[in-house]
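Here the protein sequences come in this chain order: A and B. So for the first sequence, our numbering puts the first residue at 49; every next one is plus one. So for the second sequence, our numbering puts the first residue at 49; every next one is plus one.
Since the hints were made in silico from the structure, they are not lab data. Do not rely on the hints blindly, as some may be mistaken.
Same chains, same names: a pair is fine if it fits in one copy or spans any two.
Said to hold, decoys possible - Listed below are the simulated EDC-like cross-link pairs for lysine to aspartate or glutamate, each with C-alpha atoms no more than 20 Å apart in a straight line:
id : residue 1 : residue 2
1  : Lys192    : Glu132
2  : Lys419    : Asp384
3  : Lys106    : Glu95
4  : Lys195    : Glu488
5  : Lys324    : Glu129
2 protein chains.
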Amino acid sequence: MAEQPLPSRAEDFAEWYNQLVVRAELADYAPVRGCMVVRPYGWAIWENIQQALDRRFKATGHVNAAFPMFIPMSFLEREREHVEGFAPELAVVTIGGGETLPEPLAVRPTSETLIGYMYARWIKSYRDLPVLINLWNSAVRWEKRTKLFLRTTEFYWQEGHTAHATEEEAEEEARRMVGIYEEFAVTEAAIPVIAGQKSDSEKFAGAVRSYTIEAMMGDTRALQSGTSHNLGQNFARAFDIQYLDRNNTLQYCWTTSWGLSTRFIGAIIMVHGDDKGLILPPRLAPYQVVIVPIYKSDDERAQMLAEADRLAQELGGFRVYIDRREEVTPGYKFNDWEMRGVPLRLEIGPRDVAQGTVVLARRDVPGREGKLTVPRPGLSERVGTLLEDIQAALYRRALAFRKEHTFEPVDYPELQESVERGFALAWWCGSPACEARVKEETRATTRCIPFDQPGGVGRCVVCGLPADRKVIFARAY
Amino acid sequence: MAEQPLPSRAEDFAEWYNQLVVRAELADYAPVRGCMVVRPYGWAIWENIQQALDRRFKATGHVNAAFPMFIPMSFLEREREHVEGFAPELAVVTIGGGETLPEPLAVRPTSETLIGYMYARWIKSYRDLPVLINLWNSAVRWEKRTKLFLRTTEFYWQEGHTAHATEEEAEEEARRMVGIYEEFAVTEAAIPVIAGQKSDSEKFAGAVRSYTIEAMMGDTRALQSGTSHNLGQNFARAFDIQYLDRNNTLQYCWTTSWGLSTRFIGAIIMVHGDDKGLILPPRLAPYQVVIVPIYKSDDERAQMLAEADRLAQELGGFRVYIDRREEVTPGYKFNDWEMRGVPLRLEIGPRDVAQGTVVLARRDVPGREGKLTVPRPGLSERVGTLLEDIQAALYRRALAFRKEHTFEPVDYPELQESVERGFALAWWCGSPACEARVKEETRATTRCIPFDQPGGVGRCVVCGLPADRKVIFARAY
């Protein structure tokens with residue numbers, strides 16, 4: 049029964065991650081190169097993410113729809129930058145119903161082109177605008193090396209696609225959606241993120257401007273966790289998405305797209321996890337409380353399970369799981385659920401029943417310190433408060449970690465050193481050459497130009513020329 | 049503005065359907081052969097179906113997960129009947145990341161094979177059983193001719209896949225799930241269905257037994273609306289899904305699969321719709337109530353819209369939509385929402401406000417008869433009751449229609465005549481030859497052997513030999 053412990057994060061972060069994802073039963077490798085199976089425990093996190101986002105999308109006027117997974121190759125070619133960006137990573141269907149297809153079909157790497165084609169058919173007048181559609185589906189980008197959740201050939205996501213009458217409205221939408229991602233990451237996942245703009249070299253293939261939220265993982269590397277794009281009129285012109293304005297003049301629409309994927313589960317794992325395993329933020333955890341009955345005899349077992357059922361009922365407002373396994377010890381169960389990151393463990397044994405108490409153990413506070421014996425009356429309120437505390441504590445800890453590992457280098461040697469140890473927030477002149485040099489020499493890329501700028505001017509950390517913005521350089525997943 | 053009316057159902061049922069789906073904005077033809085775009089109004093119905101089913105699946109112990117869309121061709125070949133059934137309709141990816149793949153990948157026509165491979169890895173002991181997993185995704189089967197919702201190359205569905213320790217448990221599961229489909233169809237969609245077993249020639253490729261719910265459409269043809277399969281040990285043997293039983297002996301599992309797809313939206317359209325358009329069952333309708341403000345001046349417009357907002361708030365427990373369009377008349381809106389099948393229309397004009405009333409119009413009762421002037425106090429309760437009435441009335445009407453078009457032929461000429469006009473419930477000896485003759489000569493197939501049997505014995509409607517079961521023969525979609 050006893051398994052090898054996980055490698056420690058300090059020792060081998062990548063291996064800690066890879067083993068944890070499989071052992072916690074979040075996901076598994078599929079027998080198709082680059083693909084993953086998301087197991088029920090992992091998918092339950094995704095369902096909670098979906099609900100949290102979908103609520104926010106609908107509250108801001110968006111509706112869901114479904115577009116086909118197949119895209120004619122000629123569609124992708126209509127927007128030059130788009131096809132250059134995506135052509136190398138396509139999966140292509142060439143046979144259908146036993147026959148070679150006259151035109152091969154790409155499996156959707158993203159849907160801007162198909163959206164463009166349909167929007168051009170649907171939109172006639174300013175009265176039809178804005179169109180605010182979101183899709184929950186999966187996309188395919190052929191990957192050479194797989195890392196579960198972070199880089200898989202097929203991944204699950206939502207892709208929003210909107211069309212607007214004016215440039216301002218499109219820009220407002222693109223900014224609104226990155227704002228929703230930011231608020232979602234902070235509120236639901238307890239992940240501090242830096243929202244900002246991508247540099248031209250890092251933006252989406254076909255976008256005028258891309259916005260992003262960037263999070264720092266437990267190894268100090270960055271993870272792009274959600275992006276939103278102002279596509280200008282690029283796709284509108286490529287697909288003839290036009291509308292008659294109030295003066296009866298034909299105008300091109302302004303479009304946006306935005307997406308957040310199962311990669312975000314990778315962020316949750318790598319931001320909050322510790323050497324014992326996952327620590328799931330209570331708002332997204334499949335189980336918020338796991339009840340472990342403690343007993344010595346069969347009689348006691350029956351009593352404690354009955355007690356556990358009563359407790360689960362009392363805690364009806366939370367997601368509760370009772371571990372009824374007979375073949376393993378309570379100690380094994382403690383380790384198992386610690387590894388699987390359940391925020392609160394509730395232990396119930398004969399002594400607790402006699403005393404009218406239960407033992408609660410916080411996943412985020414190890415050992416004795418995180419253990420509390422609490423009275424049964426008012427248990428549900430207590431659990432609610434504790435879950436909120438855990439959620440807040442996770443956020444604070446992640447934020448403190450990021451601050452601790454964010455540096456403000458003022459010259460190139462400092463920059464080189466900074467990106468070895470975390471994020472470098474530094475003045476940048478905006479030149480692609482400076483950006484390219486950093487990437488080449490340090491493997492760090494510009495993650496984003498934060499919305500939150502200090503103001504004023506400085507000197508580019510690479511070339512020393514005047515710079516009016518600070519940028520985050522970091523090594524990224 | 050004024051559009052051509054729909055063709056009447058009596059005149060051209062197929063054309064009525066095709067036009068209605070597009071004009072009601074449920075779905076549209078994609079620029080990829082055989083594929084559809086499900087538009088927001090159609091997808092909202094599917095989301096309501098998903099929620100209604102997902103609730104039922106979870107209440108019976110099932111959990112969701114996600115499996116890749118790509119399946120190695122060799123996997124499909126491991127179960128002989130399975131590959132024979134699906135090979136002719138596969139979409140095949142032969143190129144990935146710019147290179148020809150060593151082994152082509154089928155785009156999932158259904159996931160039994162990939163499930164089999166993974167279950168074999170996950171299941172070790174009887175303690176791991178049952179495994180009760182459901183997937184919400186899309187599947188691809190290459191279709192020559194498209195009919196939106198009913199027959200598209202890519203369709204949306206759920207596919208449940210379970211593994212059990214015993215044959216009895218697997219059979220129980222397969223029956224439980226067809227039972228859930230039946231209850232769902234009746235309760236949520238107001239569609240009467242006949243639950244029963246498929247004949248051997250009509251069962252799923254690879255199943256031991258297939259169960260189905262069959263519904264009668266408005267043109268008296270049958271639509272298979274959900275199916276559940278007892279797969280025996282066929283896939284367990286093909287993929288080595290084995291477990292150690294309590295005596296430490298290696299045993300093959302018993303598996304099931306079951307699915308319901310966006311085709312069900314086709315059933316809703318064809319069962320309830322009338323010559324004016326859709327009639328959506330209140331429990332699944334995207335909007336249960338549409339509010340149409342009536343006004344003559346700009347002042348009145350502002351007042352009526354404010355009134356509509358208040359009403360929408362009062363009706364907060366329902367899905368309500370306010371039609372604020374300025375460019376069309378109330379009459380146009382009435383027709384439009386009738387076409388789009390909203391169960392209840394609420395009209396609010398200055399006279400109603402003065403009298404403290406609103407006008408409600410039932411979609412299922414045309415003209416004056418369906419119109420009521422009701423007082424504002426207690427409006428929400430009244431709307432709730434009316435929606436329940438509509439739900440019940442739709443079911444009664446559909447059931448009456450099916451009864452009226454179900455015949456019990458006792459000989460072959462009667463059978464031939466029956467299937468021209470609806471369902472034929474007739475004694476069948478069970479021979480595939482009799483079944484094949486009916487199909488050949490009348491284009492009617494056996495839809496199911498209803499669970500609900502009269503008992504006793506009779507004479508086969510085809511060959512006259514003794515028969516111990518009755519079967520439904522019908523022309524089907």
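Is it within, between, both or neither when you check Lys324 against Glu129 at 20 Å Cα-Cα? Close neither inside one copy (45 Å) nor across copies (47 Å); limit 20 Å.
Should Lys419 paired with Asp384 be assigned to within, between, both, or neither, using CA atoms and 20 Å as the limit? This pair counts as within: shortest intra-copy Cα distance 17 Å, inter-copy 62 Å.
Since the copies are identical, ignore which copy is meant and state whether Lys192 and Glu132 lie within 20 Å (CA to CA) inside a copy, between copies, both or neither. within (18 Å within a copy, 33 Å between copies)
At most 20 Å between C-alpha atoms: does Lys106 with Glu95 qualify within a copy, between copies, both, or neither? both (16 Å within a copy, 13 Å between copies)
First find the shortest C-alpha distance between Lys195 and Glu488 inside one copy, then the shortest across copies, and answer within, between, both or neither for a cut-off of 20 Å. Answer is neither: 23 Å inside a copy and 54 Å across each miss the 20 Å cutoff.
When the structure is compared with the earlier hints, violations turn up for hints 4, 5 and for no others.
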